[in-house]
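> What follows is each chain in one-letter form.
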Amino acid sequence: MLLVFVLAPLVLILGYSFFQRGRFGGVVFNFSFDNFARLIDPLYVNVIMTSVGMGLVVTILALALGYPTALAIVRLSPKWRTIALVAVLLPFWTNFLVRTYAWILLLNNAGWINQALQGMGVIHEPLTMLYTPQAVAIGLLYMYLPLMILPLYSSLASQDAQLVEAATNLGASPWRVFRTVTFPMSIPGVLTGCVFVFVPAMSNFVIPELLGGGKTVLIGNLIRDQFLKARDWPFGAALALVLTLLLIALLVAQQRASKRLTDGPEERKVSSRA
Amino acid sequence: MRKSRLAKFPLWLTYTFLYVPILVVVIMSFNASKNLFVWRGFSLEWYPAVFADGAIMTGLQNTLIVATSVTILATAIGTLMAVGIHRYTRGGLIRAFAIAPALLPDLLMAVGLLSLFSLLSMTLGLYSVIIAHTTFAMAFVTAIVLARLANLDPSLEEASRDLGASAARTFWRVTLPQLAPGMIAGALLSFTLSLDEFVIAFFTTSPTSPTLPIAIYSMVRFGVTPEINALATMLLLVSVLTVIGAQRLTRITDSL
Chain A
1 MLLVFVLAPL VLILGYSFFQ RGRFGGVVFN FSFDNFARLI DPLYVNVIMT SVGMGLVVTI
61 LALALGYPTA LAIVRLSPKW RTIALVAVLL PFWTNFLVRT YAWILLLNNA GWINQALQGM
121 GVIHEPLTML YTPQAVAIGL LYMYLPLMIL PLYSSLASQD AQLVEAATNL GASPWRVFRT
181 VTFPMSIPGV LTGCVFVFVP AMSNFVIPEL LGGGKTVLIG NLIRDQFLKA RDWPFGAALA
241 LVLTLLLIAL LVAQQRASKR LTDGPEERKV SSRA
Chain B
1 MRKSRLAKFP LWLTYTFLYV PILVVVIMSF NASKNLFVWR GFSLEWYPAV FADGAIMTGL
61 QNTLIVATSV TILATAIGTL MAVGIHRYTR GGLIRAFAIA PALLPDLLMA VGLLSLFSLL
121 SMTLGLYSVI IAHTTFAMAF VTAIVLARLA NLDPSLEEAS RDLGASAART FWRVTLPQLA
181 PGMIAGALLS FTLSLDEFVI AFFTTSPTSP TLPIAIYSMV RFGVTPEINA LATMLLLVSV
241 LTVIGAQRLT RITDSL
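Each protein sequence line maps, in turn, to chains A and B.
For the first sequence, UniProt numbering begins at 1 and goes up steadily by one.
For the second sequence, UniProt numbering begins at 1 and goes up steadily by one.
Hints listed in this document are in silico derivations from the structure and should not be mistaken for laboratory results.
Quick caveat, the model's predicted, so the values are computed rather than measured.
Not one of these hints is a red herring.
No more than 35 Å apart at the CA atoms, straight line, and that leaves these computed lysine-lysine pairs for DSBU-like: (1) A/K259 / B/K8; (2) B/K34 / A/K215; (3) A/K229 / A/K215; (4) A/K79 / B/K8; (5) A/K259 / A/K79.
Covered stretches of chain A (in silico footprint by chain B; criterion: 3 or more residues with CB under 8 Å from a CB of chain B, positions within the stretch not fixed): (6) 81-93; (7) 102-116; (8) 202-213; (9) 232-238.
In this text, a Cβ means the ideal position worked out from N, Cα and C, and glycines have one as well.
Pulled out of the complex, with its shape left as it was, chain B reads as follows (with noise of 0.2 Å):
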């Protein structure tokens, strides 16, 4: 009894360091004061004045649309890719390639993409985000939808076209449901990192469209406020919704 007490030792003290940071956040968010350190009673007030704050609002508007327009973007061309690969090559060289975006440092794709965009003479703004951002999102797609393709029945197609349905029809009544699951989880995947990407963002946007990260950067960076632990607290909420979400929803369509 004692030895299984001292083995979870560790257990309590990670979850600790993990969690308590959160939580005061979260405790924070409903204080009534507007000093962060001392606690004042409930209260509700920072919530509504989030939803007030002209930058705040800004950022999640850009930050929504760059996330929707990766999503889209990353998962399909993410799946050709995927597809392409698995059936056209053998050697390693590609398929390192096209997952390289998801391994090199954050920073690395930034200045490299900021260069790029500079030598185009494209002017920075949200459509310079989705790019960058499709960039490393559709390396996690690719990366997802091959491990799927390498535990697929090749029979199956081959079935389909001994029946003669066409190579178009193959794919789309065949393989593209097939990879379904694999699809969506490199999708949910994509979105949650374009929705909390900050580096790449930050050297690819322009001043007049920032993201909602670089939103709560700024801020940050100027001080605290109180409306940030609601901000903050909301945004735990989503996170913690999608996490839970991807995971029904992959055991749903696993079960499939």
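Same shape as in the complex, but just chain A (with noise of 0.2 Å):
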């Protein structure tokens, strides 16, 4: 049962990427590196490199506004604390449709946050803002924030709170204890918090459709493609491996610089004594 459900469907893409695509569709067994070679196409490069630029801003703003959330989540009482992480948690267990239907009420020419706009005489002529990257952005940002959140919260709360005493103790200002204290202890939890925002942002195609109206193209929207429009699945493989194997080089990364950053002191510290 493992075997086949799981296995067989990550070696079926892995062949399927060196196969060819049969007049009418379906597969033909010919081996050949055809499909990757298809991927050096501009198009197509084009295609990666929005992926990767969207999952970038994307990353990058959850970063920005979870930070400060996660930090302001751990300096509350054990009861808020609780109420808080439940409250980040509450909206990522409500259908995902529903919540990128939700930003299209709001930002809609004649939605919410242009009427707002508008009412309070800061626009006169509506903003046009669905169907746009900015939109599929906020999209993406909304759906996977809370994976930001958490990850930084268990690596913050984690942090011993003597250490920020005795650097406050020590007569550091605030900012000079979390740039020398704070942040640097939390970096695992920051780079945890990017991979699992950047990964699924990448591969999302439902928002670029809805909020994007299909202007906005991301790898996702293109594997999609390929297997139920163009029929072309090799094809379709070729580009699922890819991503997938560039998630795996990040998630290793990542890893792999958790993993020295918890232990880099320790050998310091051994080294110095010898």
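Two chains, two frames, some hints: make the complex.
This is the structure we're talking about:
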């Protein structure tokens, strides 16, 4: 069971990516690297660059908003901490189509944000917000912000509060304490959060379609289209494989970096003793 | 005082960002007008309309069939797999494979399963969605039960065997009851995951048997209607109640 339904799909995708598309769809079992050669086509390179760019923008925004939030949650009283965490998670447990749909109501030309801005006299003509790359970025940020806040929170909450006290008692300013104590210790959490946001933000195909109006094509959309519209499964498989390899590389890099960061100080301690 | 206010500002910003969209949907579900952007007074008319909508009801029925089957299958297989891995393997490879579907991008699992189903010449339908969802839901069950197993005291099983109980009896009377909290948590998670899952279902179902998320997707794609607001509000309520219920339940079982 495990072997069939976990391993087989992965092997199939790996295998398909080297084969060719039949004349009527289907898969012709001719071994070649053609599918990977096609990836160099500027059209597809463009899509991959857009996806990476979108992933980066969303990740940076999530970090900018998520870090201060996680820090503020850690500083709450234990009772409020629990409530604040559940409140971060709750949207995550609600249907993701519903949450995307909510942004259609907000961003529409006649939508709530335009109404509010016009009501306040900030703008006179409605702003076009829906069906833009910015709308896609907002939708993705909204979807995956909790995935940034949670690892940040657990990394910040597990820090020894005495270190901050020690630094403060020794006369460090709050900013200096943050810069030299709190932030460096939270880097593993930052890395985890960034991977958690970047990975799904890059492969999502529903938000680009519903909020981007199909104008923002990300790698997820491309894979979906190869499988369900163009019926070119081998090329779709090659794309999926490239995406996965990229993500695995990221995960490995993140694990290594975290490990080095947590091991680093120990080694230094040992060497200074010697 | 001023400093603590400043520190709490990100909290307000984040929670506003997270909850305003949801609030808008809930408020508009009670709107009397068919216009989605203008408030014309309070009305409950969209709620019965949801239940009269054929596409939504078919989707709901399909989703409930899938989620229930997935919960049973994933909990059973996931638990057995966790016990097997815990007892008979030391290396991380099988463990990694068992948990992989929970970590891999859903899109990869979706296209992989679609390829597998077509290679086996299976016609797509609800049962292919059930198999697909079970694959990734059981990964979560395995992970949760494995975590529980790691904290289990092996001397209890040993005591049971020493006192003359058979291996099967020990498993039923000693091991399983201790795993129950993990299994319940895994079952609830499987149900919620399957209920909400869109990407894998989208690839592995046939057009004639859409699940609820797929039905919503088609509706939203062809324009927004007030019924979606009412449906979304009800789904929100179900999610909130499930999360609260799960928290209560884990607290009760943990105290046992």
